[in-house]
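S.K.: Spelled out from the first residue to the last, the chains are:
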Amino acid sequence: MQPYIKHTSIAALMDRSNVDTDQIIPKNFMKKVERTGFGINLFHNWRFLADNVTPNPEFELNKPAFQGAKILVAGENFGCGSSREHAPWAIADYGFNTIISTSFADIFFSNCFKNSILPIVVTDEQLAALMAEISGNEGVEFTVDLEAQKVTTPGGLSISFEVDAFRKESLLEGLDDIAWTLKHEKEISAYEVEHKKRLPWLWPSA
Amino acid sequence: MTRTMYEKIWDANLVHEPEAGSPLLFVDRHLMHEVTSPQAFEGLRLQNRKVRNVHSILGTIDHCVPTKDRFNIVDVIAKKQVETMTANCEENEINLYGMDSNQNGVIHIVVPEHGFVHPGMVVCCGDSHTATHGAFGALAFGIGTSEVEHVMATQTLQQKKAKTMLVKVEGKLPAFSTAKDIALAIIAKTGTAGGTGYVMEFAGNTITDLTMEGRMTLCNMAIEAGARAGLVAPDQVTFDYLEGKEFAPKGDHWPVAVEYWKSLRSDEGAEFDAVIELKAEDIAPQVSWGTSPEQVISVTGLVPSPSDFTNDVKSQACASALKYMALDAGQKITDIHIDVVFIGSCTNGRIEDFRAAAELLKGKKVADGVQAFAVPGSFPVKVQAEKEGLDKIFIDAGWEWRDPGCSMCLAMNGDELKDGQRSASTSNRNFEGRQGKGGRTHLVSPAMAAAASVAGHFVDIRDWK
Ligand code: SF4
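Chain order of the listed sequences is U and F. Under numbering that gives the first Met the number 0, the first residue of the first sequence carries the number 0, and numbering increases by one thereafter. Under numbering that gives the first Met the number 0, the first residue of the second sequence carries the number 0, and numbering increases by one thereafter.
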């Protein structure tokens, strides 16, 4: 995984709530057997006109000022719906590495961390202030410092956010989750021995 | 100390809780389908890792399967996905009810039919509707593909403990109200984010009165309330359902297992982080009007107006939903005309669902211009329905009787709405474009869907002839 490094980047505004995974990546693009190349399909149904190729000029992310944005600022309950990891894959592949909202759906939230994306939870007031700053100055760049757990803006906002210590470390170092877990191989094997005794009917030899 | 059922399952499955890092939870059962697994197998191969406990996995192929002429998958990429799943399972000796199995069907229908999930288990699948299996008192939840890979390699998940919510439903349901209506009524109350961070336990006499099929429908929709999982305490209904099934404990193991399962229910007086209560009497048949499952109202209601919501976000969401759905505020729900009716999915694709719909369709005909199709959740459901003659009732009423699959629940298999078409659907999501780009979905129970197919619009089945 890519380590997450402090950065200053354009923040794009998506003033919508309940952005669901069917919008993030419509299912007709989920048939690939690879992890890469989904960015082109991100928000497909909103992003393109009926001919499926012409960018929809009314869709916010198509604004010239938001091109190259790495930070996405969106309304509450972002990422609700399915467990498809194709959603964070598409978001990362498009170029975002940070999403700021007041709340995220559980599965989406944990999927982000597996893909070097930092989901930041802020309060209603903080979100409104961040959104206002973008609307008033489209193309504005925010600074996200995961180490210090802070988002700062040219408009003078300085917002501290919470992040689970383990997830923070994994993001900063780009750790492989499986490798971390396998360090506990001894505990897993011991658990399995006990499990087999307790619930023998769940094991093939029983 | 008293514990909730969630806490008991958590404790029993906790492998390790390191001081720094994440708790590791043991996974008893891992379910799999073709859409969310290929990248996980690829990841294992790249790292030269092996599947740890092959016996814990059961797979099906369901999302991409056409329900007419099922072997003829036209989309080359979908075909590749099906082939990849088949090859991955063969290579790893994973038990797969594949395309040519007479047990094939939607994963969350097939798994219970074989008694693969038991109370107290931790169950996961790269699919959010894994919540379905909470009906057995198992902690069942959806995971992403990276986690699918993680479970295959380690048999564990890095998990954070969830909060607990008790959802209590008491009383007798009105005639024609079903588990689906309870689920929709709960989501209307909590909102689609109301359950975020929680595991919901459904309790109360209305819930214990439900059959296993009904409990599965209810838990299936827990994810639409944002909950990580739903749970129903195991009882005699659960044990009777499981007994004798292929993967159920046998012989001397059976009484030991039942004893253990009985110990799982939440202790008297156990504390939940949140409690909500509903009266069954208040739950009339429900119809969703918007593009989120929380945008739902009883069939006797009117389409709301943005000004009915005091919360800005909800008011704005209402306005954009009305626009997408092409509905007017104040319109009667029973005046909404539909083009397509779909009965199926892991929410309502079980035998009871087809019985309930057939009951209403007997001797009736589908309205002019309405296309209606029934998609059994699995081949065993299809065979059973045909044994009972239900297929004839559907066909005589002008319905199509299809082969199993996810079908128009998510429309990545050829079954879909055309731009602007409106459906009455027994599935679980009414998101924009879920059933086809520009398609408009109304979520309902099977009986409500059946009646709508005949009338051409929604009707209150309680006084419909
Ligand atoms: S029927 Fe629908 S919700 Fe269920 S597994 Fe298939 S696509 Fe998912």
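In short, the hints are calculated from the structure, not lab data. One should not assume that every hint holds.
Stated by the list, open to error - Heads up, simulated DSS-like pairs for lysine-lysine below, C-alpha to C-alpha not over 30 Å straight-line:
#1 F:Lys-67 - U:Lys-185
#2 U:Lys-31 - F:Lys-391
#3 U:Lys-31 - F:Lys-7
#4 F:Lys-49 - U:Lys-182
#5 F:Lys-159 - U:Lys-167
#6 F:Lys-7 - U:Lys-195
#7 U:Lys-196 - F:Lys-7
#8 U:Lys-196 - F:Lys-160
#9 F:Lys-364 - U:Lys-62
#10 F:Lys-331 - F:Lys-188
#11 F:Lys-171 - F:Lys-261
#12 F:Lys-364 - F:Lys-331
#13 U:Lys-196 - F:Lys-261
#14 F:Lys-244 - F:Lys-391
#15 U:Lys-182 - F:Lys-160
#16 U:Lys-167 - F:Lys-464
#17 F:Lys-436 - F:Lys-364
#18 U:Lys-196 - F:Lys-171
#19 F:Lys-391 - F:Lys-464
#20 U:Lys-31 - F:Lys-244
S.K.: So, for every hint listed, does it hold in this structure?
M.R.: Outcome of the hint check:
Taken as a hint, the Lys-67 (chain F) and Lys-185 (chain U) pair is broken in the structure, with Cα atoms around 50 Å apart against an allowance of 30 Å. The straight-line distance between the Cα atoms of Lys-31 (chain U) and Lys-391 (chain F) is roughly 38 Å, outside the 30 Å bound, and the hint therefore fails. Restraint check: the Cα-Cα separation between Lys-31 (chain U) and Lys-7 (chain F) comes to about 39 Å, which exceeds 30 Å; the hinted pair is violated. Between Lys-49 (chain F) and Lys-182 (chain U) the CA atoms are separated by roughly 16 Å; this keeps the pair inside 30 Å, and the hint holds.
Simply put, Lys-159 (chain F) and Lys-167 (chain U) have alpha-carbon atoms about 14 Å apart, close enough for the 30 Å limit, and the pair holds. For the given pair, Lys-7 (chain F) sits about 18 Å from Lys-195 (chain U) by alpha-carbon distance, which is consistent with the 30 Å threshold. A hinted pair counts as satisfied when its Cα atoms are at most 30 Å apart, and Lys-196 (chain U) with Lys-7 (chain F) qualifies at roughly 18 Å. Under the criterion of a C-alpha separation no larger than 30 Å, the hint pairing Lys-196 (chain U) with Lys-160 (chain F) is consistent with the structure, at around 26 Å.
With a CA separation close to 51 Å, the supplied pair Lys-364 (chain F) and Lys-62 (chain U) exceeds the 30 Å bound. Between Lys-331 (chain F) and Lys-188 (chain F), the direct Cα distance comes to roughly 21 Å. Compliance with the 30 Å bound is thereby established for this hinted pair. With a C-alpha separation of about 25 Å, the suggested pair Lys-171 (chain F) and Lys-261 (chain F) falls inside the 30 Å cut-off, and the hint holds. With a C-alpha separation of about 24 Å, the suggested pair Lys-364 (chain F) and Lys-331 (chain F) falls inside the 30 Å cut-off, and the hint holds.
Only pairs whose Cα atoms come within 30 Å are accepted, and Lys-196 (chain U) paired with Lys-261 (chain F) is accepted, the gap being roughly 19 Å. The suggested pairing of Lys-244 (chain F) with Lys-391 (chain F) holds, with an alpha-carbon distance near 29 Å, which does not exceed 30 Å. Distance check on the hinted pair: Lys-182 (chain U) and Lys-160 (chain F) sit about 21 Å apart at the alpha-carbon level, within 30 Å; holds. Restraint check for Lys-167 (chain U) and Lys-464 (chain F): the C-alpha separation of about 61 Å exceeds 30 Å, so the hint is violated.
About 29 Å separates the Cα atoms of Lys-436 (chain F) and Lys-364 (chain F), which keeps this hinted pair within 30 Å; it holds. About 43 Å separates the Cα atoms of Lys-196 (chain U) and Lys-171 (chain F), which puts this hinted pair outside 30 Å; it is violated. Between the alpha carbons of Lys-391 (chain F) and Lys-464 (chain F) the distance comes to roughly 21 Å, so the proposed pair stays at or under 30 Å and holds. Of the pairs offered as hints, the one joining Lys-31 (chain U) and Lys-244 (chain F) is violated, with about 35 Å between alpha carbons and a cut-off of 30 Å exceeded.
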